[in-house]
Amino acid sequence: MKRLVFFLVMLLFLSFSIGFSQTLPPGIPRNETLILPFLFAPLPVPGNWNQWAGWRAQNCGLHQFATEALWTLNPNVEEGGIINALAAEPPIYNEDFTKLTIKLRKGIYWSDGVEFTADDVVYTILTVRDTEGLDYHGPMQIVKNAYTVDRYTAVVELNKPNSRFHTYLMERWGALRPMPKHIFEKVDDVLAYDFNPPVSIGPYVLKDCDPGGYWVLWEKRKDWQRTVTGKLFGEPKPKYVLFINYGTAEKNTMAMLRHDLDALQGTAEQLITLLRMSKTTRSYRKNWPYIDPRDISTRGPGFNHLVYPYNNKDVRWALALSIDIVELAVSTYDGMVAMTPGLPLVVNKTFYEWYFKPLEPWLEELTLDLGNGETFKPWDSRAPWRLLEWAKKNYKVNIDPNNEEEVRLALGYGWWKYAPDVAEKLLKKNGFTKKNGKWYLPNGKPWTITILRGPDPTDMANIVILGVAEQWKKFGINVVFNVSAASSTLALNGKFEVLNTAHGGFAGEPWGLHPDLYRCFNALKSDFVKPIGEATLGWGGRWSDPKMDEIISQLEVTRWEDEKGIIELGLEGLKLEIENMIAIPVFNCPITIVFDEYYWANWPSPDNDYARSDNYTTWPQLKYILHKIQPAGRK
Amino acid sequence: MSFVKRYLIPRLIQYILVTFLGLTAVFLFPRFLPVSPIEQQLAQYQTFGVYVSPEQQEEMIQTLKQLYGLEGTLWEQFVVFWKRLFKGDFGPSLSRYPTPVTKVIGMSLPWTIGLLSVTTILSWIIAVLAGGIVGYYRKRWMEAFDIFVMIIRPIPYYVMALILLILLAYVFPIFPLSGGVGIARGLTFSWQTILSILKHAILPAFTLLIVGISWQFQSMKLIVQSVRTEDHVWYSRTAGVDDRKVVFNHVIRNAMLPMITQLGLQFGSIFSGTLITEMVFAYPGVGWILYDAVMKADYNLIMGIMCISVIAVTTSIFLLDLIYPFLDPRVRYR
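These protein sequences, in sequence, are chains A and B. The opening residue of the first sequence carries number 1 in the numbering used here; numbering runs sequentially from there. The opening residue of the second sequence carries number 636 in the numbering used here; numbering runs sequentially from there.
Simulated from the structure, these hints should not be mistaken for lab results. Please note that the accuracy of each hint is not assured.
Here are the simulated DSSO-like pairs of lysine-lysine, each with C-alpha atoms no more than 30 Å apart in a straight line [what the hints assert, rightly or not]:
#1 Lys181/A to Lys722/B
#2 Lys495/A to Lys738/B
#3 Lys722/B to Lys160/A
#4 Lys700/B to Lys722/B
#5 Lys349/A to Lys417/A
#6 Lys738/B to Lys530/A
#7 Lys722/B to Lys635/A
#8 Lys834/B to Lys186/A
#9 Lys834/B to Lys239/A
#10 Lys834/B to Lys207/A
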């Protein structure tokens with residue numbers, strides 16, 4: 001009897017519970033809700049949406065839906081380029097770059113029914129300039145004045161010439177986006193204002209958020225037509241969009257298997273697991289290498305150029321040539337990566353045309369001096385094909401090896417030859433010795449490389465650097481790690497020998513879809529090199545060259561729309577970086593993304609390439625592609 | 636009077652002194668971290684590819700120093716710290732500037748207190764009773780239970796939490812995967828909301844209960860095994876006192892004294908949260924806030940959380956000291 005009662009109680013409990021295990025409540029239909037990962041959860045201050053006043057974990061939907069920039073990257077990487085968002089035209093500078101005219105799009109409204117005008121733009125620029133503590137307060141100090149010419153034209157006057165001022169107002173992953181003047185002008189303290197609920201200029205409005213900050217729910221605006229999305233792209237399909245972080249990687253994997261998550265960006269292991277365990281999941285590619293390789297940043301070890309022996313070009317080249325790039329790709333990402341030899345030389349169609357093609361003949365001819373009259377050409381144009389050969393033995397692959405462009409855009413441009421014998425010659429030329437398979441410094445002490453890295457083992461930069469360390473150990477160099485939560489501070493202060501590279505770790509990341517490399521090179525200006533122990537305002541690696549200074553100066557007076565001139569200078573800068581091997585970029589950041597087709601279909605793929613896949617996980621351009629996905633028909 | 640003079644006053648002085656030293660350490664330690672809150676802020680810009688020119692970074696550094704109150708000598712900052720502390724003000728959070736630290740903590744602390752106070756008390760009661768009974772009686776099923784606890788105890792918390800999650804939130808989707816409350820429910824005072832909060836708390840609470848019970852159970856069992864061999868217990872049993880009375884009045888009551896000390900200390904640590912539980916279950920709480928503050932060198936937030944924790948621990952110990960004489964006559968008569 002007791003057992004029967006126990007059983008009935010448990011049954012009651014279970015049936016009572018099951019309803020509550022569902023992610024969405026009644027009234028929010030799952031088939032009308034797109035559930036996306038909230039990668040930088042939790043919200044630092046749930047209920048504070050004032051993103052002009054600091055970090056608000058903006059990719060919770062805030063920068064996707066509530067705000068809009070004047071100009072933005074095109075989410076369609078095949079088309080490439082910058083599109084006019086709130087602006088109606090590209091930036092217009094006067095002759096000496098001291099005046100910027102901004103023409104605005106008409107008929108755009110905030111979600112509370114007030115029209116967006118030039119007053120919002122002028123108010124934003126002047127408020128940020130005059131309010132300490134607001135983001136972009138520093139960059140706006142160059143502003144002398146800002147005013148409206150008419151309802152849809154704003155003018156910004158600058159204290160000194162700056163041909164790249166508009167890039168502060170241009171969306172990559174972050175920009176100074178216009179504030180709703182009619183809301184903020186009534187606030188006493190702009191910095192302390194929580195902007196709750198936020199008034200949106202994008203196609204969705206805030207519906208609800210987790211008091212713990214792990215999820216944020218957005219609802220489509222009834223007047224979505226009066227947004228940039230509505231005017232340029234069409235109606236976003238989902239009625240609701242939920243950004244949610246379920247916690248650890250395992251839990252996000254479980255959530256997708258339960259169809260409680262429609263897209264997931266994580267590690268290679270997560271990707272493989274999800275593709276194997278669910279019939280409704282898929283990645284960007286149907287077959288290996290599965291991932292979308294077209295992120296606009298690169299990864300790989302960087303050096304401190306003020307620390308011996310990393311201030312020696314031969315040593316840096318030797319370390320590059322002791323890496324077997326195919327082995328590294330396989331050991332870190334199961335080969336699902338695109339290799340690149342240049343810091344800002346990201347792998348995508350536009351950079352392939354703008355930079356890689358013109359650079360390739362130079363790469364082929366690049367020659368190293370090994371001493372004793374011996375030379376070596378290090379470029380391995382066929383490295384992606386070697387990776388392809390490996391893959392064919394292990395996976396089903398449908399990349400045509402005879403289609404050069406297809407191979408290079410999927411697996412990378414090429415890399416350096418695996419030449420430990422040449423590396424050995426370069427080191428011996430500089431007095432290094434090898435005994436019993438171990439390398440010794442010229443002073444006779446064993447050579448140990450200390451690599452500075454952050455604590456997150458799932459960080460792509462950390463995954464790569466662990467693989468690189470194995471390669472160097474195999475070559476006979478002892479490698480140890482300095483794992484520290486303070487890695488950013490230590491890097492800025494030059495307290496490292498070698499570091500892994502997180503986003504922007506080398507220098508600024510490129511626009512990716514515009515050829516301008518000014519933001520990448522400027523951090524390498526010699527003025528910013530500081531002694532060890534003093535925080536630098538430029539690149540932590542502390543490399544500089546008068547030739548690079550000259551390239552930076554020329555870029556400063558080259559117009560943004562002069563793509564030919566920009567590319568020429570960009571190529572010069574790239575050659576200088578590569579020739580000096582100032583760091584060893586290895587891969588483009590792989591977008592290891594998985595989509596679930598259970599509730600939503602028509603995700604991007606090589607055959608239906610309407611967007612880079614990570615627009616679905618964290619990028620602000622998400623709003624421009626939501627008209628593309630389709631309900632899968634499930635209730 | 637002699638109780639006040641010989642017992643209360645020395646403990647009160649000790650309490651004030653320990654609290655002062657603890658709070659001073661809380662002020663000093665974050666400042667010895669190799670992380671700088673301002674450089675972390677700049678690094679965050681870089682992390683997301685936001686480009687700020689070096690000239691403008693210089694300007695930002697100066698502004699942030701001023702805003703964060705990091706100007707002035709260490710002594711000047713220490714004086715400001717105490718002045719603020721007496722007003723219950725820890726200043727603004729540096730990583731969530733300009734949100735006040737009290738607001739940041741206030742948003743998370745109720746969740747932590749709610750979860751941990753219940754699990755701490757429940758696990759203590761269950762462990763004391765179960766440990767007392769198993770330690771005194773030696774029946775077969777009790778030994779089996781003891782072995783079961785011995786197996787459970789060494790399992791790392793993270794692994795156990797994950798196993799329970801896989802079982803109860805994935806294989807049998809009974810409980811929600813994460814969070815503190817259901818989506819789009821809002822934090823209104825309604826039956827549905829209360830039910831939703833309880834539902835979300837069950838799994839994290841269950842894992843904390845298992846861990847809490849298992850280690851306290853073993854402590855209690857060992858103490859009881861020692862107490863049961865003492866003379867007064869033998870005397871009671873040979874005098875024909877009912878076995879239950881012996882267990883509860885003479886054995887458990889004596890054995891639970893060190894357990895009360897443990898409970899007091901545990902109560903103090905409630906205020907620093909439980910990081911792994913919060914991370915595994917994506918459950919709101921102070922633990923993650925503290926972790927994030929350490930990572931970002933948010934001195935004010937670290938100080939805010941740690942001050943509450945230090946005061947809670949020292950106050951718990953002080954209160955225990957005051958209560959002890961009532962629980963243990965030996966202390967009263969000493």
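Against the structure, the hints:
| no. | hint | in the structure |
| --- | --- | --- |
| 1 | Lys181/A to Lys722/B | 36 Å, violated |
| 2 | Lys495/A to Lys738/B | 36 Å, violated |
| 3 | Lys722/B to Lys160/A | 47 Å, violated |
| 4 | Lys700/B to Lys722/B | 23 Å, holds |
| 5 | Lys349/A to Lys417/A | 24 Å, holds |
| 6 | Lys738/B to Lys530/A | 39 Å, violated |
| 7 | Lys722/B to Lys635/A | 56 Å, violated |
| 8 | Lys834/B to Lys186/A | 42 Å, violated |
| 9 | Lys834/B to Lys239/A | 27 Å, holds |
| 10 | Lys834/B to Lys207/A | 22 Å, holds |
Violated hints, listed in ascending order, are 1, 2, 3, 6, 7, 8; each of the other numbered hints is respected by the structure.
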